[in-house]
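Visitor: Please model the complete structure; the sequences and the hints are all you need to start from.
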Amino acid sequence: MSDQIVIHPLYAKLLEKFPESVVMDERQGFSGIVVQAITLLEVVKELRDNLGYDYLSSVTAVDDFPEERLEVIYHLFKSIGGAPVEIKVFLEREEPVVPSLTPMYPGAELQEREVWDLYGIRFDDHPDLRRILLWEGFEGFPLRKDWKEPLYEEDTKPFKSRWPEGKGERKELLNPYKDNVQYPREFDPNTLSGDVDQAMYKSLEYSDDPNSRVLQTDQMVVNIGPQHPSTHGVFRMTVVMEGETIVNLKPVVGYLHRNHEKIGERNTWLQNMPYTDRLDYLAPMSNNFGYAITVEKLMGIVPTERAEYIRVMMAELTRIASHTMTTGFLLNDLGAYFTPALYALEERELILDIFEEVAGSRMMVNYFRFGGVVRDVSPEVLKKIRHLVYNRLPRKIDELDKYISANEIVRIRCEGVGVLTADDAIAFSTTGPNLRASGVPYDVRRADPYSIYESLDFDVCTRDHGDVFDRYRVRIDEIHQSIRILKQVLDRIPEGPIMAGKPQYVAKVPAGEAYGRVEGPRGELGFYVVSDGKPNPKRYHVRAPSFINLTSLAQMCKGAKVADAVTILGAVDIVLGEVDR
Amino acid sequence: MAEIDLNNPEIDVPAELKQQIAVTTLDRIYNWSRSNSLWPMMFGLACCAIEMICTAASRYDLSRFGMEVMRPSPRQADVMIVSGTVTKKMVPQIVRLYNQMSEPKYVIAMGACASGGGPFKEGYNVVPGVDKFIPVDVYVAGCPPTPQALLHGLIILQKKIEGEHIPDTRWYKKCVVEAIPIPILGPDIIDPRHFELIKEETHKPLPVVEEVVEGGETA
Amino acid sequence: MNGIGIIKGLLITLKHFFDTYIFDFGRKQKNLTPDDKRGMVNSSGLFTIQYPEEVLAASEEFRVIPFLVYETAENGDHKYRCTSCGICAKVCPTQCIFITRKKDAETGKPIPSPEEFYIDTDKCMNCGFCAEYCPFDAIKMNHDFELATYVRGDTHIYNKEMLGKPVEYYAKIRPVNYALEVAEKAEKAEKATAA
Ligand code: SF4
Ligand code: SF4
Ligand code: SF4
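Line by line, the protein sequences give chains A, B and C.
Take the first sequence: its position 7, counting from 1, is numbered 6 in numbering that gives the first Met the number 0, and each next residue is one higher.
Take the second sequence: its position 199, counting from 1, is numbered 198 in numbering that gives the first Met the number 0, and each next residue is one higher.
Take the third sequence: its position 3, counting from 1, is numbered 2 in numbering that gives the first Met the number 0, and each next residue is one higher.
Certain hints may be false.
Below, in silico cross-link-like pairs of lysine to any residue (SDA-like), each with a Cα-Cα straight-line distance of 25 Å or less [as the list claims (entries may be wrong)]:
id	chain 1	residue 1	chain 2	residue 2
1	A	Lys44	A	Leu9
2	A	Lys147	B	Glu199
3	A	Lys159	C	Gly25
4	C	Lys36	A	Pro378
5	A	Lys401	C	Thr99
6	B	Lys104	A	Ser229
7	A	Lys296	A	Lys44
8	A	Lys147	B	Pro186
9	A	Lys249	B	Glu199
10	B	Lys131	C	Leu146
11	C	Lys171	C	Gln49
12	A	Lys166	B	Asp130
13	A	Lys177	C	Lys171
14	C	Lys102	C	Asn74
15	B	Lys159	C	Val54
16	A	Lys395	C	Lys7
17	A	Lys170	C	Asn74
18	A	Lys170	C	Ala185
19	A	Lys177	B	Pro204
20	C	Lys102	A	Pro378
21	A	Lys383	C	Val54
22	B	Lys198	A	Arg184
23	A	Lys401	C	Lys7
24	B	Lys203	A	Arg184
25	A	Lys170	C	Thr99
26	A	Lys170	B	Pro204
27	C	Lys7	A	Ile411
28	A	Lys77	A	Thr38
29	A	Lys147	A	Ser229
30	A	Lys507	C	Glu115
31	C	Lys171	A	Pro378
32	A	Lys383	C	Gly25
33	A	Lys177	B	Leu196
34	A	Lys395	C	Gly25
35	A	Lys382	C	Gly44
So these bits of chain C aren't anywhere near chain B, every CB distance computed over 10 Å [what the hints assert, rightly or not]:
id	residue
36	Leu10
37	Thr106
38	Asn158
FYI, nobody ran anything at the bench for these hints, they're computed from the structure.
For every residue, glycine included, the Cβ atom is placed at its ideal position computed from N, Cα and C.
Guide: Here it is, written out as structure tokens:
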């Protein structure tokens, strides 16, 4: 990163247009434009309509405690590729309010709810501003720096009580309730209703007028999940149905909210690495990748060449493993009870064997380090990968493809179901195979190349119909492209060190911010980190593709049958660890 | 698989009859049949659930143990594999599912998270161990436990079942087993069994902090 | 025509069924490599590993819960390699390592050896950082995954005795790493004598 501040031509344009209300963020290591809350809508409208920034990628916030300031951060892109533009709004800590971008970019809906939930920043004109990851009635806004959780020990790790006077004890036993809980003072549990879903049911609009309906029946509200075999974990959707047809749908998430970001801000930079494995646990290598390149951006180091090749190799293997699994489970959702999934899982197991050999664990790989990877890939393992890539995988994927794609039931159930047009897909900030199935050739590996992807030969797979079948096809195509990438990587992988510099457990990260993104199997996986020069991140945010892909779920499901909603959800391909974090 | 032979002749069987008759006890045959047809509930919470799926899939194949019948409904399941992080938002549902399971019922806490909070224990939305709310029979360590580790846990559970006796099992006793009260979501998760404690603690007077009066000497 | 796709799918399953026997038949003649086993890359048909009778071989780097390496002295004492430097406790992401440093009973000065060493296995995320950054090769990741228990109580907080494993065990489960370590030490010793 260069030291002097380069004013992006775009910023110059904006500064010209809004001289009063737009300034550059001039802190060392920071970039982006600071906009006043009242002019935010105008500036963003200008960006969207005249400058081509039609894709709102991420909305998040930063707490500047002890300064009396909160920041809301928006990252916008062009859907034709290129670097992001970053918009910031500074707010007071008391009663912060900012206009909602949801009317302009529907994709902001869930993200703004998340910011409200965790930071208590109110978004004016948001159609449905409720808590999302936690529940209505939860006390406090947990990501604010002055909010402390029940098992709070210290602001940052490592905790002093571990060494040299560590005692093996469970910290929750020190809590008066012998549990991980805390209650406000003067709280009386008897006064509690305990019904946390009322607001959600109220927000589900459905018409009372029987004449407006096709069937002259009552509309029904049905909850699917959080324990339901088709929801891929603890996801819940509340649907309003008329007969079998879905009139309205609300995704309800947060059942796996593990406080990833709060814990991430306590951890040191390196300690976050194994935690990222647990985000999208079907694609741990991609998560490692995203986090590593983000922090490397901030640290200003470049991994060695061999490490880059190993990284790409692992990321593509993960993509194959993840896509085969998704395909298998999509078939499960269609009712082909487990047989296709079993075939898909066989291939995944073989890839996991390779992960176990190089990284030590099948799923929670913890393989990347800043500046490289932790361990070299031995020639035997390379031989194994070669064998997989050249012999086994193409054959097996073709087999899977052959019997799924031609199957009448699959086609009838998938074609024309859950259609999302290209415009909608962009507006809803959809990413990954879902976006490409709608005909938008947007792939971070090409749109904003990172690592060595620029030098590799592969196609961005797209399809045009935007239905469930196309999403499935895009995934199969991507597996083939990944195999293509792997072949090139295997041929070209150079010898050399796997780590730039010496392995160190304290990463020296200068103050500043960075937004790094990779194309994970589920789409654009972004990490937004802010450092204040200390051993711990000041802000650690994950732009989770599955979470944001859920925004368009209601749109896709309206008018479909309930059974199709399950298929659509299967094709959107969420991983709850990432949705809820 | 079964450690105790089904027909374990503690009673002497004459040598010439060894091949013809089998001697067993009711306990044994009953436990043997139960332990070899445990139906788990199809219920995944987090990362560990993926390993649970792998256990059920072709490479590790739960059906070798008679457990392939993953039931989505708690009423048809014998064993609940709590596979993943138990969050406060999810725990009311878990307790409800547990209450709905018909007896005999068993619980396996799979992974560090379900056993005792796991890596996310310090988080504000995480329950430090599902055993805070429901009784757990077997804890499987690991993060995530590999499919083989889960299978080991299931075999351990089978052993436990084989050691049970009909007269002293909970579900044949006359007394009614109370359902576990469902936790309530308030400002934090509230276990109805702790109402009194919570009230007491939150109404305690604040610890008195000695006020330092500034410039006290001049006064 | 409707139904063809289903028949095709069923044929694949049938093929898998026969592959099992073909594979078994073919295996009799070949020299077997580990990859030719059931459930490995070259296998076709049935894919199952018959745990518990047959255990999938863990690769060298496989990690579950860490263990402490000790050397057995002649009188049978366990000499832990750990110097209680505290790096593992600092680097542990879940902060589940608790170390009490030994102190000289008279002077109160710290002695480089752990008085107590705990790992809370209910928190450990098996990440391997402790083993990776320990400068004395004193803590390593175990391969033993058969850790299911009936009770949690205090048995899930492993103390020093539960964590300790002899060097030979380390050499057995991680032969490559151990060989590297021995070679490194020999080199160092050589340098020291040369100097
Ligand atoms: S124990 Fe580990 S793998 Fe299992 S749910 Fe918890 S974090 Fe995920
Ligand atoms: S890093 Fe190694 S030597 Fe230091 S305390 Fe940990 S185990 Fe002992
Ligand atoms: S493996 Fe990771 S979590 Fe477990 S004790 Fe070592 S550093 Fe801590």
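Visitor: State for each hint whether it applies.
Guide: Evaluated hints:
1. A:Lys44 with A:Leu9: holds, 14 Å
2. A:Lys147 with B:Glu199: holds, 22 Å
3. A:Lys159 with C:Gly25: Violated, at about 61 Å.
4. C:Lys36 with A:Pro378: At roughly 21 Å apart (the allowed maximum being 25 Å), Pro378 (chain A) and Lys36 (chain C) satisfy the hint.
5. A:Lys401 with C:Thr99: Cα-Cα ~61 Å, so violated.
6. B:Lys104 with A:Ser229: OK: Lys104 (chain B) and Ser229 (chain A) at ~24 Å, within 25 Å.
7. A:Lys296 with A:Lys44: violated, 30 Å
8. A:Lys147 with B:Pro186: Between Lys147 (chain A) and Pro186 (chain B) the Cα gap is close to 14 Å, so the pair holds against 25 Å.
9. A:Lys249 with B:Glu199: At roughly 39 Å apart (the allowed maximum being 25 Å), Glu199 (chain B) and Lys249 (chain A) break the hint.
10. B:Lys131 with C:Leu146: holds, 21 Å
11. C:Lys171 with C:Gln49: With Cα atoms ~24 Å apart, Lys171 (chain C) and Gln49 (chain C) stay inside 25 Å; holds.
12. A:Lys166 with B:Asp130: The given pair, whose Cα atoms are some 23 Å apart, holds under the 25 Å limit.
13. A:Lys177 with C:Lys171: violated, 42 Å
14. C:Lys102 with C:Asn74: holds, 23 Å
15. B:Lys159 with C:Val54: holds, 22 Å
16. A:Lys395 with C:Lys7: The hint holds at about 15 Å.
17. A:Lys170 with C:Asn74: violated, 39 Å
18. A:Lys170 with C:Ala185: At roughly 44 Å apart (the allowed maximum being 25 Å), Ala185 (chain C) and Lys170 (chain A) break the hint.
19. A:Lys177 with B:Pro204: Measuring from Cα to Cα gives roughly 20 Å; hence the hint holds.
20. C:Lys102 with A:Pro378: violated, 47 Å
21. A:Lys383 with C:Val54: holds, 20 Å
22. B:Lys198 with A:Arg184: holds, 9 Å
23. A:Lys401 with C:Lys7: holds, 9 Å
24. B:Lys203 with A:Arg184: holds, 8 Å
25. A:Lys170 with C:Thr99: holds, 17 Å
26. A:Lys170 with B:Pro204: holds, 24 Å
27. C:Lys7 with A:Ile411: holds, 17 Å
28. A:Lys77 with A:Thr38: Distance ~21 Å between Lys77 (chain A) and Thr38 (chain A) Cα, so the pair holds.
29. A:Lys147 with A:Ser229: Roughly 36 Å separates the two Cα atoms, so the pair is violated.
30. A:Lys507 with C:Glu115: Cα-Cα ~31 Å, so violated.
31. C:Lys171 with A:Pro378: holds, 22 Å
32. A:Lys383 with C:Gly25: holds, 21 Å
33. A:Lys177 with B:Leu196: Status holds; Cα separation ~11 Å.
34. A:Lys395 with C:Gly25: Measuring from Cα to Cα gives roughly 20 Å; hence the hint holds.
35. A:Lys382 with C:Gly44: Cα-Cα ~23 Å, so holds.
36. Leu10: holds, 18 Å
37. Thr106: At roughly 37 Å from the nearest Cβ of chain B, Thr106 (chain C) sits farther out than 10 Å, so the non-interface label holds.
38. Asn158: holds, 15 Å
The structure fails hints 3, 5, 7, 9, 13, 17, 18, 20, 29, 30 (numbered hints given earlier, in ascending order).
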